[in-house]
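Student: So the protein lines, in turn, are chains P and X.
For the first sequence, position 292 matches number 292 in this note's numbering, and the numbering has no gaps at all.
For the second sequence, position 42 matches number 42 in this note's numbering, and the numbering has no gaps at all.
Incorrect hints may have been included.
[To be verified] Quick list of the computed label-pair ranges, beta carbon to beta carbon:
no., chain 1, residue 1, chain 2, residue 2, range
1, X, Gln31, P, Val79, 54 to 62 Å
2, P, Pro90, X, Gln93, 50 to 58 Å
3, P, Ala27, X, Gly279, 54 to 62 Å
4, X, Pro259, P, Arg146, 30 to 38 Å
5, X, Asn9, P, Glu144, 27 to 35 Å
[Claimed, not checked] Anything over 10 Å on all C-beta distances counts as not near chain X; from chain P, calculated:
no., residue
6, Ala36
7, Thr149
8, Arg234
9, Asp246
10, Arg272
11, Arg302
What the hints contain is simulated information worked out from the structure, not anything from laboratory work.
Nothing here was measured: the structure is a model prediction, and the numbers come from that model.
Note that beta-carbon positions come from the ideal geometry of N, C-alpha and C, so glycine has one too.
There are 2 protein chains.
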Amino acid sequence: MALDLGGTNVRLALVREGHLLHTARLATQAQDGPAALLERLAAAVNDLAAWGRAEGSPPAGLGVASPGVIDRGRGVVRVSPNLPGWRDMPLAQELSQATSLAVALENDANLYALGEYLYGAGQGAGGMACLTLGTGVGGGLILEGRLVTGALGSGGEIGHTLVEPDGRACGCGALGCLEAYASATGLMGMLAEAQGRTSACQPGGGVEGLARAARAGDTLAAELFARAGVALGRAIANLVALTGLDLVVIGGGVAPAWPLMEPACRQEMAARLCIVDPGAVRVVPAQMGEQAPLLGAAAWARQRLAVD
Amino acid sequence: MALDLGGTNVRLALVREGHLLHTARLATQAQDGPAALLERLAAAVNDLAAWGRAEGSPPAGLGVASPGVIDRGRGVVRVSPNLPGWRDMPLAQELSQATSLAVALENDANLYALGEYLYGAGQGAGGMACLTLGTGVGGGLILEGRLVTGALGSGGEIGHTLVEPDGRACGCGALGCLEAYASATGLMGMLAEAQGRTSACQPGGGVEGLARAARAGDTLAAELFARAGVALGRAIANLVALTGLDLVVIGGGVAPAWPLMEPACRQEMAARLCIVDPGAVRVVPAQMGEQAPLLGAAAWARQRLAVD
Numbered sequence: 001m002a003l004d005l006g007g008t009n010v011r012l013a014l015v016r017e018g019h020l021l022h023t024a025r026l027a028t029q030a031q032d033g034p035a036a037l038l039e040r041l042a043a044a045v046n047d048l049a050a051w052g053r054a055e056g057s058p059p060a061g062l063g064v065a066s067p068g069v070i071d072r073g074r075g076v077v078r079v080s081p082n083l084p085g086w087r088d089m090p091l092a093q094e095l096s097q098a099t100s101l102a103v104a105l106e107n108d109a110n111l112y113a114l115g116e117y118l119y120g121a122g123q124g125a126g127g128m129a130c131l132t133l134g135t136g137v138g139g140g141l142i143l144e145g146r147l148v149t150g151a152l153g154s155g156g157e158i159g160h161t162l163v164e165p166d167g168r169a170c171g172c173g174a175l176g177c178l179e180a181y182a183s184a185t186g187l188m189g190m191l192a193e194a195q196g197r198t199s200a201c202q203p204g205g206g207v208e209g210l211a212r213a214a215r216a217g218d219t220l221a222a223e224l225f226a227r228a229g230v231a232l233g234r235a236i237a238n239l240v241a242l243t244g245l246d247l248v249v250i251g252g253g254v255a256p257a258w259p260l261m262e263p264a265c266r267q268e269m270a271a272r273l274c275i276v277d278p279g280a281v282r283v284v285p286a287q288m289g290e291q292a293p294l295l296g297a298a299a300w301a302r303q304r305l306a307v308d
Numbered sequence: 001m002a003l004d005l006g007g008t009n010v011r012l013a014l015v016r017e018g019h020l021l022h023t024a025r026l027a028t029q030a031q032d033g034p035a036a037l038l039e040r041l042a043a044a045v046n047d048l049a050a051w052g053r054a055e056g057s058p059p060a061g062l063g064v065a066s067p068g069v070i071d072r073g074r075g076v077v078r079v080s081p082n083l084p085g086w087r088d089m090p091l092a093q094e095l096s097q098a099t100s101l102a103v104a105l106e107n108d109a110n111l112y113a114l115g116e117y118l119y120g121a122g123q124g125a126g127g128m129a130c131l132t133l134g135t136g137v138g139g140g141l142i143l144e145g146r147l148v149t150g151a152l153g154s155g156g157e158i159g160h161t162l163v164e165p166d167g168r169a170c171g172c173g174a175l176g177c178l179e180a181y182a183s184a185t186g187l188m189g190m191l192a193e194a195q196g197r198t199s200a201c202q203p204g205g206g207v208e209g210l211a212r213a214a215r216a217g218d219t220l221a222a223e224l225f226a227r228a229g230v231a232l233g234r235a236i237a238n239l240v241a242l243t244g245l246d247l248v249v250i251g252g253g254v255a256p257a258w259p260l261m262e263p264a265c266r267q268e269m270a271a272r273l274c275i276v277d278p279g280a281v282r283v284v285p286a287q288m289g290e291q292a293p294l295l296g297a298a299a300w301a302r303q304r305l306a307v308d
């Protein structure tokens, strides 16, 4: 069984062999405080588990995809920018006590990557990184079939690698991270900074509006996506140099605008990657959409809890 | 048995359980051409193997540490800046035919890292990167006990990750790589570029002279090591974000000057690493020196060839 805890929505699914048998969804409403949210999460898990038991598919464990920095050993959400008030939250223990299920907790972008690797665009890859371009830039890294988390737990945080020293401020507190350019927040921030320039962009149109303007020939909008593309090219080139991987999967809400970023990304990769053939690195769209983190969470629970 | 093919010297060793039983050394003299060098390498290996057989320690396989980009599957040195004329050289096959030993070929910085991980500063680390600061900047990455090479073979090439967009030209052809700042070539290049400035540095004194000047209070020399330290801090912060590793080992000929780079490196790491505690990342000097690549090569041969 899988739970994807987003900043806006929570999604749950009963999963069997890479397929979602039954799903449920609720609004996160993090503003009501951690205790209220925990109670609603537990109720939703218990409801779906009861449905599964009635249908002859009782869940054996629960994989939880959470935003933020995770202490997976202790099952704790250390801090999460999208869940106000969550600091050192023992989410695995709380959910386990309230549902009687064994719980495996992991970062949502890591589980998105695992879902794409096992069932989507990453199937059969030797090494793969997955970038989820949304409000922020999530990342997951899979080498030789294993999710890279690392001793410090930060493995796969591609969104917080440097692409521009002394560059734009990132939500993490550092300057010049990939996330400050290739996320919705980054793109809209760059648009706001360029407000003196002539543009057809509607300020309230979000990234979709910006993408429409770019496709219609708006110079500024095209330039901002190109800046995001350059940032992605730098981060991907570093990834390839460090890990030798040959596949990058692009997902998340901003991914439909990937074709607007791809030429600049490819050009930057070609300029940066002199030690390997940049053409050997595939960069492809994600295939599983919202299902990816749920499928990844269910697989993670099986791996970590040795349950089905 | 192990062979470390350097641009200046070749070193060989009979290795048993992490100890060098007997060693040999010859000048590389790459300028005589690939055929002559191959012949001399094979003769040296055969000599040492004969000694081993006479002493009751016959070598079962040969691990070869080579600079440059390696195709380890085919045992080929694709290109090596330090070995002029070497392009797509089938080194493993040539040495195997001439010595009747099974040969496992790998990048020298990767084997240096493996040697430090197994027998030196990296023992027991959860995840480790090793940086060899010399003429260039070599790198090796070990995650969960395994050397990261990757589908494209470039794994661990930390020296060619970006630290300064549109920065100094690197030997690889790209701009702003770590190697352009934190290698002997990078440091001496920055000194040459600053030649109009007052300094006690002797142009012919190399990195050792530069380090002496910095220790004696020379402002320019101290500044150049600080620039190298900033570059290292950026590359290490990216490494930690991507892999979650908690140990970085600094080796190579420039490593004695590490204390001159460390404060700026630490400061940059603290500014960049907001998602994890920068204090949890240890950065320590290498312990095994020239033995590291030989010990790593012998271990690699055991792993890859399943011989002792």
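Student: Are the hints correct? Go through all of them and say.
Tutor: Cross-check of the supplied hints:
{"no.": "1", "hint": "X:Gln31 - P:Val79: 54 to 62 Å", "in the structure": "holds, 57 Å"}
{"no.": "2", "hint": "P:Pro90 - X:Gln93: 50 to 58 Å", "in the structure": "holds, 57 Å"}
{"no.": "3", "hint": "P:Ala27 - X:Gly279: 54 to 62 Å", "in the structure": "violated, 39 Å"}
{"no.": "4", "hint": "X:Pro259 - P:Arg146: 30 to 38 Å", "in the structure": "holds, 36 Å"}
{"no.": "5", "hint": "X:Asn9 - P:Glu144: 27 to 35 Å", "in the structure": "holds, 34 Å"}
{"no.": "6", "hint": "Ala36", "in the structure": "holds, 27 Å"}
{"no.": "7", "hint": "Thr149", "in the structure": "violated, 6 Å"}
{"no.": "8", "hint": "Arg234", "in the structure": "violated, 5 Å"}
{"no.": "9", "hint": "Asp246", "in the structure": "violated, 4 Å"}
{"no.": "10", "hint": "Arg272", "in the structure": "violated, 5 Å"}
{"no.": "11", "hint": "Arg302", "in the structure": "holds, 19 Å"}
Hints 3, 7, 8, 9, 10 from the earlier list are contradicted by this structure; the remaining hints agree with it.
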